[in-house]
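Trainee: Combine the two chains into a complex, taking the hints into account.
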Amino acid sequence: MAATEFAPWEDPQAKPLICFRNVTKRFGEFTAIDNVSLDIYAQEFFALLGPSGCGKTTMMRMLAGFENVTEGIIELDGADVGDVPPNKRAVNMMFQSYALFPHLTVWENIAFGLRRAKIPADDLTNRVEEMLKLTRLERFASRKPHQISGGQRQRVALARSLAKAPKLLLLDEPLGALDKKLRQETQFELMDIQEKTGTTFVIVTHDQEEAMTVASRVAVMDEGNLMQVATPDRIYETPNSVYVADFIGDVNLFKGTAKPVGEDQYQINWVESLPPLNATSSLPLNDGQSCHLAIRPEKVAINAEKPDDAVNAVQGKVVDIAYLGNLSTYYVELPDGTVIKAQTANTRRISRRSFTWEDPVWLSWTATAGVLLDS
Amino acid sequence: MMRLSWFNVVSLTFGFVFLYLPMIILVIYSFNKSKLVTVWAGFSTKWYGELLQNEAFLNAAWVTLKVAVISSTFATILGTMAAYVLVRSGRFFGRTLFSGMIYAPLVMPEVITGLSLLLLFIGIGMDRGVMTVVLAHTTFSMCYVSVVVSSRLFTFDQSLEEAALDLGCSPAQAFRLVTLPIIAPAVISGWLLAFTLSLDDLVIATFTTGPSATTLPIKIYSAVRLGVSPEINALSTLMIAVVTVGVILASLASKRNVAKMRQEEIAAVRAE
Ligand SMILES: Nc1ncnc2c1ncn2[C@@H]1O[C@H](COP(=O)(O)OP(=O)(O)OP(=O)(O)O)[C@@H](O)[C@H]1O
Ligand SMILES: [Mg+2]
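So the protein lines, in turn, are chains B and U. Numbering-wise (my numbering), the first sequence opens with residue 4 and increments by one. Numbering-wise (my numbering), the second sequence opens with residue 206 and increments by one.
With the rest of the complex left out, here is chain U (with noise of 0.2 Å):
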């Protein structure tokens, strides 16, 4: 391997621990025997047993997991069906609005969208709870879901589906027979990304959410503005690692998967 420069040595280095070194003290912090958040007192894992005490913490994972899980699987849902529809229909009326309207929310700020989801549930008359930060999140992560997906889909080869029809299939049963599961591994980190995506989203939940449902990042958000305390900390190394795992899923799902199945499909389609 090439040996690295001084100059690409130091600008590495300054990077990464410019990225990482708030994080690692945090960490480190979360293992403090004291109760002072600034000073080491030596290595104690006590703050995670009380985590495990604390009813309104777990309380606030458990419905930052349910809302996580359940939106990202309608997002899922939704964003793969959204992706195949651009991808495939070649050019319909609308199409570009369409597809405008499906990526906008990758740069509206989140507050716009929080609040005009906010106004709409209001408008409504829903009552704000589960419900609609489940609805919100999938709104918001639907769209990375289709960028992920689609850009798979525009490298699949269209011959295959034909086929399929050819040898008697539906057009439902050639999606899910031979489209999906040549895919999954796309729709997999579609999935993964909007997983995580609604487990560290702060602003769209604190706009769409009720008294009856406070998820993790508001829950943390205000016990901070009472003072950090070694128990944020510890909570918050899990959510890094929780975090941290679903990344490298993510992206072991689309990175191998994504290029072995894509070669496997070139070898079995000609190219011609």
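Okay, chain B solo, but in the shape it has when bound (with noise of 0.2 Å):
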């Protein structure tokens, strides 16, 4: 029997967990959210990703239910939830202040929720100190927040919000504040978590990589709308506009009008002086009509020779090389200015790294490595 894949938002029968619909959020004149409509379906882990002030807290306010909406219904589990108060509703948000009881030690920052829940003593002790397990908090059960350090408190705010074992948590720049290592294993555990209790997570981050990682889905967000929301594969390999394709990863963008040369081909005009890059698109494109082209910089193969078989290839020189440990970017300018940006895994030596400085080479890509963007 072959496991079927996490994908309800393709199965047109999903009744999804939260639902916006057409909500906008003014802040008297500032409009916030602008117009969205998205469904997160239960067990779900929903990255909500975009540039600082886009209106990421802002959405995650509005369902723990701090915000009013302006306009539009937010649904969760089917029912409107504009009239029912923060402490009514199923979910339970970590701050992206973190918001600890100053006046409260760890320990009873993290019983806080459970003793309004009423459960008794013993099951509550429990719950408290595997939430201290988890986050690695044991030592600093009975401290006070202003004794602990930042990343410390981060992890505190972590485990309160979690104690509950809510239906649907919302964490608003969870893991910021821990270095690499520790941030990697909370990822794993939040998602371990998430596999165990079927709780459904909404995540706001900075952190692309930790999208992808951790994320169901991704949503892009650009001063209060939805850019895009798809698969973290799918915003990476088939950005729908300029600006997701820039936002998330390394991107090279050449800007060109699209003349068709058959089902699904596009010759790209970008510079007099070079010749047109070839593409394969869905994208229904007038003769003329103006496009960006989207490469990721380890499409692009580097080479000395121009290779024979190649699509599009391009001249130029070494101007920069970023060495990145497991990878290196070459930074080759072509012969009208433009800088490229190439990838390739480190599997040799430095010493006996093929390309330096100022050497001239070949760039070259298949019709089908980039994404072409209507623009």
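Just so you know, these hints were derived from the structure itself, not from any lab. Idealized CB from N, CA, C, for every residue including glycine. Fair warning: there could be bad hints in the mix.
Derived CB-CB ranges, DEER-like [stated by the list, open to error]:
1) Lys121/B / Val274/U: 33 to 39 Å
2) Ala120/B / Thr301/U: 38 to 44 Å
3) Gly334/U / Glu132/B: 56 to 62 Å
4) Pro314/U / Gly56/B: 47 to 53 Å
5) Ala389/U / Asp236/B: 52 to 58 Å
6) Gly31/B / Ala464/U: 30 to 36 Å
7) Arg142/B / Val274/U: 41 to 47 Å
8) Gly153/B / Asn462/U: 22 to 28 Å
9) Gly153/B / Leu454/U: 32 to 38 Å
Mentor: See the structure below:
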């Protein structure tokens, strides 16, 4: 029996857990969220990604019940939650500012929500101990928040929001203050918790890698709008706009005009002095329509000689090399001044690397390597 | 430490003498053996002993204490509630008017406050006594409490209350379990302030009291009109002591704890 892939968003029968219907949020004149519609399904690990001030926290606060929507409806489990106060929602939020209770110890902070739920004392103690263990805070249980470090506070905030095992957990930049190793471990813990408890997570992050690692789907936001909502690989491989392509990961963008040359085949004229680029795309573009071609650096091959069978090949010289340990990024300048990034895996030692500064090189890529974007 | 210039030394001395010389003389003469207030006849504590025999003074002291404790407690509850509404509710209809009305008694002449309360009590036919003085003191001291508490609430991070709501508290529980413990030092210093204000109020008490409830300041004032006695000096010295202790406690509660708890709060809520 083949395991079915978890993709409720592709199932028209599936009922979303969270449903934003044409939600708009204004603060006075300022529109923070602009007519957003979004479905998030039970047991998803949903990531909100976007630049600072784009409205991520506002989305979370509306879900938790701290902000009223100006227009539109938010449904939780099929019911409009417009009039449900925060303490009556089966939602817990981890605040971007942590919001730990300064007068309580770490232990009491974590126990706070459980006490309100009137859980038997033994269960409560066990649960708190479990959370302390999970976030490795056992040694700090009796300290007050001002007596621990920033990263430890973040873990207390995480433990406090996890303790009640809510149906929906909102995490506003939960791991930002942790070092890389602890962050990765906590990411896996979160995914583990999610798998064990079936909790639905909505997480805000600035870290793309984090979003890519943990999320079932990613939403890229810009100025109160959802630019694209898709699985991490689709966001990366087939961004639907220049904004998303540019925001997620590294990309080479070529601006030009399209010329259809066959079914789903286009030639992109971009610089007069250079040959047109060939690209495959199902996008319906007219002759002469302006467009962007986006190509990830790792899809660009770098060679000393022009490869015979290359569909797209341009010559240039290496102007910079960024050594990233396992990878190297070559910055290659074309005759017209454009700089293209090409990335290769460093399988050989540095001393035996093939290219260095000022070397003339050929860059090449296939017709399907890039994504054509309407501009 | 920097050395003070002779000008600073002189002005400092002059200021302190101006402020405290009368009180120091009063305290010294309360230990005078002679019955004549102006003649020093040696050290004695006998006036303190006589004071304890004086039924009328003891009665007045008891009334004053009762009034001060009850009125400052009510004033603290009402003042804290008013401060909370003013700081938290954002804009609501009539907010400016409401806040203006809370702070108005701060600048209102006491005579006017006293007179208007007297008219009110007569108007509703209320017998004047301990009860009316308590009401009057509650009214005028709650605005002081409200000022102290609201200045603390302005710096209180609202996300703490949101976190409490998020974890299942009702708004009332969030206030009791999170807000109140954190602003407690300010509330306590508001109570102490109201307590000392009530303790030494003469004007408003005179207007609103009846024959059954003579407070200490009223008693002293009327006794002094018949001539200053060493007994009065002893009584006043005791009052100075009580008020001084109260003020010191209040400032300890507010300064040290408010600053400390504020820092702890800043630490617990990441500054963005
Ligand atoms: N209470 C408020 N009143 C007015 N404007 C607000 C309020 N809260 C948020 N905003 C504005 O709404 C926009 C979105 O804010 P939000 O906090 O959601 O951003 P964010 O995406 O979480 O940013 P960051 O990544 O920096 O946390 C911002 O421009 C912000 O200035
Ligand atoms: Mg935010």
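Trainee: Identify every previously stated hint that the structure contradicts and give their numbers, smallest first.
Mentor: Hints that this structure does not satisfy do not exist here, as all of them hold.
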